[in-house]
Amino acid sequence: MLREILRRLVATIPVMGVVAIAVFALLHVTPGDPAIIIAGDYATADDIAKVRTKLGLDKPFLTQVGIWLGGIARGDLGASIYSGLPVTTLIKQRAEATIALTLLAMLISIAVGVPAGILAAWRRGSWLDRGVMVFAVSGFSMPTFWLGFVLVYVFAISAHWLPVQGFQSFERGLWPFLRHLILPAITLSVVYMALIARMTRASMLGVLSEDYIRTAFAKGLAPRRVLVRHALKNASLPVVTVIGLGFALLIGGAVVTESVFALPGLGRLTVDAIIRRDYPVIQGVILVVSGVYVLINLVVDVLYVVLDPRIKY
Amino acid sequence: MSHLSRRHFLAGATAAAAAATISVPRVHAQKKGGTIKFVPHADLKVLDPIATTAYITRNHAYMIYDTLFGTDANLAVKPQMVEKFASSSKGMKWSFTLRDGLKFHDGQTVAAEDAVESLKRWGKRDPLGRLLAAHTAKLAPVDKKTFTLELAQPFGLVLEAIGKPSSNVPFIMPARIAATSENEPIKETIGSGPFKFVKDEWQPGNQVVYVRNPDYVPRQEAPSGSTGGKAVTLDRVVWRYIPDHATANAALEAGEVDWWENPPLDFVPKIEANSALATFVTDPRGTQGWVRPNHKHPPFNNKKARQALLYIVDQPKYLKAAIGVEKYYRTCPALFSCGGPFESAVGAPGKPDVEKARALVKESGYDGRPVVVLDATDIALTHGAALVTRELLSQIGFNVDLQSMDWSSVVARRAKKEPPAQGGWNMLFTWWIASDVINPAVHAGISGAGDGAWFGWPESGRIEELKVQWARATDKAKQKQLAEEIQRVAYDEVLYVPFGQWVLPTAYRKAVSGVLPFPAPLFWNVSIA
Amino acid sequence: MASSVPALRGELAVAPAADRPGLGGRTRRLAGRHPTLALGVVVMALIVLSGVLAPAWWTGDPLEMRPAERLTAPSAQHWFGSDNFGRDVYTRTLYGTRVSLIVGAAVAVISLLIGTTLGLVIGFYRRLDTVMMRVMDGLMAIPAILLALALMALMKTSVRNVIVALVIPEIPRVIRVVRASVLSLREHTMVEGARALGARTPRILVRYILPALMAPLVVQATYICASAILFEAYLSFLGAGTPPHIPSWGNIMAEGKTYVQLAFWIILFPGLFLALTVLAINLIGDGLREILDVRG
Numbered sequence: 001m002l003r004e005i006l007r008r009l010v011a012t013i014p015v016m017g018v019v020a021i022a023v024f025a026l027l028h029v030t031p032g033d034p035a036i037i038i039a040g041d042y043a044t045a046d047d048i049a050k051v052r053t054k055l056g057l058d059k060p061f062l063t064q065v066g067i068w069l070g071g072i073a074r075g076d077l078g079a080s081i082y083s084g085l086p087v088t089t090l091i092k093q094r095a096e097a098t099i100a101l102t103l104l105a106m107l108i109s110i111a112v113g114v115p116a117g118i119l120a121a122w123r124r125g126s127w128l129d130r131g132v133m134v135f136a137v138s139g140f141s142m143p144t145f146w147l148g149f150v151l152v153y154v155f156a157i158s159a160h161w162l163p164v165q166g167f168q169s170f171e172r173g174l175w176p177f178l179r180h181l182i183l184p185a186i187t188l189s190v191v192y193m194a195l196i197a198r199m200t201r202a203s204m205l206g207v208l209s210e211d212y213i214r215t216a217f218a219k220g221l222a223p224r225r226v227l228v229r230h231a232l233k234n235a236s237l238p239v240v241t242v243i244g245l246g247f248a249l250l251i252g253g254a255v256v257t258e259s260v261f262a263l264p265g266l267g268r269l270t271v272d273a274i275i276r277r278d279y280p281v282i283q284g285v286i287l288v289v290s291g292v293y294v295l296i297n298l299v300v301d302v303l304y305v306v307l308d309p310r311i312k313y
Numbered sequence: 001m002s003h004l005s006r007r008h009f010l011a012g013a014t015a016a017a018a019a020a021t022i023s024v025p026r027v028h029a030q031k032k033g034g035t036i037k038f039v040p041h042a043d044l045k046v047l048d049p050i051a052t053t054a055y056i057t058r059n060h061a062y063m064i065y066d067t068l069f070g071t072d073a074n075l076a077v078k079p080q081m082v083e084k085f086a087s088s089s090k091g092m093k094w095s096f097t098l099r100d101g102l103k104f105h106d107g108q109t110v111a112a113e114d115a116v117e118s119l120k121r122w123g124k125r126d127p128l129g130r131l132l133a134a135h136t137a138k139l140a141p142v143d144k145k146t147f148t149l150e151l152a153q154p155f156g157l158v159l160e161a162i163g164k165p166s167s168n169v170p171f172i173m174p175a176r177i178a179a180t181s182e183n184e185p186i187k188e189t190i191g192s193g194p195f196k197f198v199k200d201e202w203q204p205g206n207q208v209v210y211v212r213n214p215d216y217v218p219r220q221e222a223p224s225g226s227t228g229g230k231a232v233t234l235d236r237v238v239w240r241y242i243p244d245h246a247t248a249n250a251a252l253e254a255g256e257v258d259w260w261e262n263p264p265l266d267f268v269p270k271i272e273a274n275s276a277l278a279t280f281v282t283d284p285r286g287t288q289g290w291v292r293p294n295h296k297h298p299p300f301n302n303k304k305a306r307q308a309l310l311y312i313v314d315q316p317k318y319l320k321a322a323i324g325v326e327k328y329y330r331t332c333p334a335l336f337s338c339g340g341p342f343e344s345a346v347g348a349p350g351k352p353d354v355e356k357a358r359a360l361v362k363e364s365g366y367d368g369r370p371v372v373v374l375d376a377t378d379i380a381l382t383h384g385a386a387l388v389t390r391e392l393l394s395q396i397g398f399n400v401d402l403q404s405m406d407w408s409s410v411v412a413r414r415a416k417k418e419p420p421a422q423g424g425w426n427m428l429f430t431w432w433i434a435s436d437v438i439n440p441a442v443h444a445g446i447s448g449a450g451d452g453a454w455f456g457w458p459e460s461g462r463i464e465e466l467k468v469q470w471a472r473a474t475d476k477a478k479q480k481q482l483a484e485e486i487q488r489v490a491y492d493e494v495l496y497v498p499f500g501q502w503v504l505p506t507a508y509r510k511a512v513s514g515v516l517p518f519p520a521p522l523f524w525n526v527s528i529a
Numbered sequence: 001m002a003s004s005v006p007a008l009r010g011e012l013a014v015a016p017a018a019d020r021p022g023l024g025g026r027t028r029r030l031a032g033r034h035p036t037l038a039l040g041v042v043v044m045a046l047i048v049l050s051g052v053l054a055p056a057w058w059t060g061d062p063l064e065m066r067p068a069e070r071l072t073a074p075s076a077q078h079w080f081g082s083d084n085f086g087r088d089v090y091t092r093t094l095y096g097t098r099v100s101l102i103v104g105a106a107v108a109v110i111s112l113l114i115g116t117t118l119g120l121v122i123g124f125y126r127r128l129d130t131v132m133m134r135v136m137d138g139l140m141a142i143p144a145i146l147l148a149l150a151l152m153a154l155m156k157t158s159v160r161n162v163i164v165a166l167v168i169p170e171i172p173r174v175i176r177v178v179r180a181s182v183l184s185l186r187e188h189t190m191v192e193g194a195r196a197l198g199a200r201t202p203r204i205l206v207r208y209i210l211p212a213l214m215a216p217l218v219v220q221a222t223y224i225c226a227s228a229i230l231f232e233a234y235l236s237f238l239g240a241g242t243p244p245h246i247p248s249w250g251n252i253m254a255e256g257k258t259y260v261q262l263a264f265w266i267i268l269f270p271g272l273f274l275a276l277t278v279l280a281i282n283l284i285g286d287g288l289r290e291i292l293d294v295r296g
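Residue numbers (the working numbering), protein chains in the order written: chain A, 1 to 313; chain B, 1 to 529; chain C, 1 to 296.
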């Protein structure tokens with residue numbers, strides 16, 4: 001099993017290689033030019049050319065790729081063209097907000113989505129079932145920022161229960177940390193929650209119609225026991241898949257949510273960097289985020305084996 | 001002039017001022033300490049105030065650097081870092097002596113050499129600085145605290161140049177930093193100003209942090225503008241960049257931030273109605289909006305096509321779309337701003353006349369090629385101006401290609417001198433505070449230097465001649481006359497078309513006091529309850 | 001094409017009054033068995049009509065600015081209120097339908113066409129498979145919205161470029177679905193038989209495999225369409241979507257977000273339309289999936 005995990009880990013390297021090159025290529029094919037902004041308002045064409053040379057932007061494409069990849073091997077993702085701060089520093093500054101937001105959103109989604117899906121499947125065809133399904137479909141039909149604004153208006157502006165924006169680091173205390181994250185996390189979790197609920201329901205429906213479940217009920221076992229211990233365990237595979245794949249949705253949603261709630265996270269960092277063509281930052285963040293996504297899917301794959309010993313790779 | 005009279009405008013400005021609790025600037029007896037959370041109008045990206053004219057960088061520089069001279073609330077230039085100064089030989093020779101107690105943040109005493117190197121670097125970039133440098137024979141330190149400036153030709157604006165309040169401001173840096181080439185941004189943030197920059201806590205796109213400089217020795221006089229004693233009461237200043245205006249507004253109302261630099265005008269009535277908040281017009285001289293055509297490429301390289309613009313820019317229409325709230329704007333034909341010393345209506349276009357504009361477009365021989373108009377969608381005023389312009393240009397027969405992007409992209413794109421089809425542009429919109437357009441020497445748009453001019457690159461030898469004459473004129477009446485002639489030529493050549501003038505109030509919680517009237521937000525003298 | 005009628009498991013049964021043969025009767029029965037699908041179709045139809053016939057539904061000029069009437073609440077004169085430039089929100093919302101629907105449909109169709117073609121080829125030729133799948137995995141590792149944003153940042157904002165920026169992240173996902181089906185169908189006896197008879201690969205692909213893919217692809221198309229419409233809104237919200245002078249729900253909301261406290265109607269109505277449309281499309285997708293008995 002360990003060997004299997006290692007093998008998969010190694011297999012992610014070419015994938016990340018593709019990501020790295022794709023991102024690099026994407027940015028450097030562009031007509032946009034950060035040198036102009038840096039060179040300042042009075043720069044002549046000469047000045048701009050000098051700045052480009054200094055930033056290494058005039059070297060041939062492959063050389064630039066090589067330099068960048070070499071840097072990554074050393075753990076150096078380069079430095080922001082604008083602030084001069086190392087990309088790794090920028091990522092460290094902003095990672096906490098995004099990680100906290102995404103984890104909290106994931107927790108909420110699973111905590112609400114899975115039980116909802118189970119209940120919907122168990123009480124199939126009832127109003128509960130319909131209600132859950134309608135909620136689920138609405139959940140991922142709504143634009144995240146719209147929901148965010150509604151929540152802010154109701155809970156922060158009108159009721160003053162929660163803060164409007166901002167982020168408090170965990171080290172300043174658990175309660176302020178949570179207070180600032182509740183609304184953004186709920187906003188972000190709705191889409192994910194809907195997906196999980198749907199998937200759980202579908203998967204549970206498949207399992208609940210199996211004979212061994214009917215036997216379990218016939219034996220007189222308490223419904224909760226049947227549902228959780230037997231059905232859920234077997235239904236969990238697709239749910240775990242969705243959790244893994246849906247992570248990309250969470251990242252996307254995080255970008256927008258961070259904008260609404262002014263959270264200093266990786267999403268906003270990337271959007272700012274993209275708009276300004278701050279290549280090292282864009283490349284660095286996308287690489288890191290994609291890396292995390294790949295790792296999560298790796299974890300999901302491993303979980304498969306844990307949950308269903310029949311699966312052998 | 002339209003019904004938006006000066007009286008109406010000033011009434012609005014004073015009303016806004018009256019709605020605030022402005023404290024008379026006091027140097028003593030204020031509550032010490034505290035942190036203030038400020039929402040700036042933009043994100044601080046570039047730290048070098050010589051490399052860019054961006055106001056956010058200028059505001060940052062006011063925190064950590066000091067200047068030789070400052071400009072007070074009445075636009076008078078007064079010494080700041082300078083103890084005494086004198087001019088001799090009919091103003092051809094100047095000598096400046098620095099006052100005591102000036103230290104950089106790394107502990108080094110400020111020397112004359114630092115001042116000289118800083119001025120030299122500034123003089124390579126800023127238009128007024130370059131003008132001064134062109135008239136300078138020698139600028140050198142004499143001893144540790146004194147330096148002299150010897151002119152090669154008469155120049156009437158020496159102090160106005162060195163005491164320039166807005167971009168680019170000749171901030172004083174250590175000589176070794178000022179020695180950096182003007183084509184490279186500086187790497188360190190060491191100044192001698194009343195605040196220190198906390199680099200470790202700088203999160204670009206999110207926050208900038210400053211702390212009080214305990215070693216700063218303020219002057220004795222009361223503060224006024226960037227002159228006088230910069231006595232700091234606050235311990236910490238945090239600039240929180242909140243790009244979404246609705247969020248910033250909610251944050252201000254909830255008390256999560258204390259001072260919002262530029263609330264969009266639509267929020268101001270609500271803020272004024274809130275008893276915990278106050279608004280204040282820090283720069284009653286206002287801001288001027290520009291419609292700037294590109295003189296390098298067709299169709300606006302043709303004078304008639306440009307003149308058509310004079311007949312379509314309907315200032316009330318632009319102002320309503322760009323600014324929105326009438327109380328805060330006024331029409332103004334003066335290129336040197338209304339309320340300024342060189343205000344005049346000479347040469348300004350009359351009422352808008354669509355027919356005349358159409359005729360001019362035809363006469364110019366316009367061939368139908370797309371007119372690339374840059375639209376910065378994240379700045380409400382340029383966005384409004386762009387949308388109105390698009391409509392008007394189409395009405396008179398232009399084929400408009402409106403390109404929408406964010407302001408940083410406009411800044412990048414406007415520098416391109418190539419034809420529009422190859423990444424250039426035909427028209428853009430911008431704004432300058434009154435101090436930056438108040439006379440022909442500081443005004444970046446009044447230049448006929450072609451490729452050496454501000455973006456748009458108009459060519460006009462006559463304008464350049466007149467500017468030099470103006471700079472050399474010492475007689476006030478002659479200056480006024482020359483300024484009017486410059487305006488006439490500027491309008492005739494259509495260097496740009498102003499679309500109006502407005503003031504922007506700032507907003508803060510009533511716990512904040514001591515905000516000084518000045519085009520940039522100043523944090524000395526400010527205290528928070 | 002597998003089209004089995006699903007057994008009535010807990011669905012509300014419809015009275016046999018609709019038992020008459022003929023299109024009307026069949027449709028009614030179908031609607032009865034799949035009420036959510038029916039709802040989705042009805043809502044969708046209304047929205048499409050509102051977009052297609054926008055000029056007819058008592059609208060004005062979506063670009064006309066009346067600064068004197070800026071930020072007025074919904075009233076008889078402005079049914080959905082007016083925005084900060086005095087433009088009529090109702091008119092813009094209805095015209096915005098066109099853009100959003102065009103983007104959604106175009107992205108769905110184009111990504112499906114390209115993705116299916118590539119997926120068929122990759123799935124069938126083993127040698128291409130491993131390499132291309134690594135590449136696809138790599139591309140799919142980049143969160144779609146960041147990829148779309150980066151692409152938009154390279155290009156001028158226009159509806160066409162938004163479509164391109166949204167298609168590119170979708171293609172690997174379509175390829176994955178197609179490839180999965182191709183892999184399983186490749187070994188099917190029917191295909192073996194065809195090969196034995198000497199049929200050439202392209203023919204096999206088109207005649208045997210493609211038809212089996214239709215059902216899941218159609219379902220996939222609806223989801224892509226829904227997600228594209230949402231993503232266009234996100235791109236516009238972040239400032240990198242359709243150009244502002246072309247109203248789309250996304251950019252109406254983007255411009256209106258500043259006024260969420262002062263004039264919430266600017267965000268409210270396009271947001272409602274957007275949510276309803278995406279909801280309807282998702283319901284249609286779900287319903288189709290049930291009818292076509294497809295396992296996603």
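Think of the hints as simulated: they come from the structure by calculation, not from any bench. Among the hints, erroneous ones may be present.
Unchecked claim - Pairs of lysine-lysine residues, derived as DSBU-like cross-links and limited to a Cα-Cα distance of at most 30 Å, are as follows:
| # | chain 1 | residue 1 | chain 2 | residue 2 |
| --- | --- | --- | --- | --- |
| 1 | B | LYS416 | A | LYS59 |
| 2 | B | LYS417 | A | LYS54 |
| 3 | B | LYS138 | B | LYS103 |
| 4 | B | LYS199 | A | LYS92 |
| 5 | B | LYS138 | B | LYS93 |
Each hint, compared with the structure:
For the suggested pair B/LYS416 and A/LYS59, the alpha carbons sit about 21 Å apart, so the restraint of at most 30 Å is met. For the proposed pair B/LYS417 and A/LYS54, the alpha carbon gap of about 22 Å is at most 30 Å, so the pair holds. For the suggested pair B/LYS138 and B/LYS103, the alpha carbons sit about 26 Å apart, so the restraint of at most 30 Å is met. A distance of roughly 15 Å separates the Cα atoms of B/LYS199 and A/LYS92; the hinted pair therefore holds under the 30 Å criterion.
Between B/LYS138 and B/LYS93, the direct Cα distance comes to roughly 9 Å. Compliance with the 30 Å bound is thereby established for this hinted pair.
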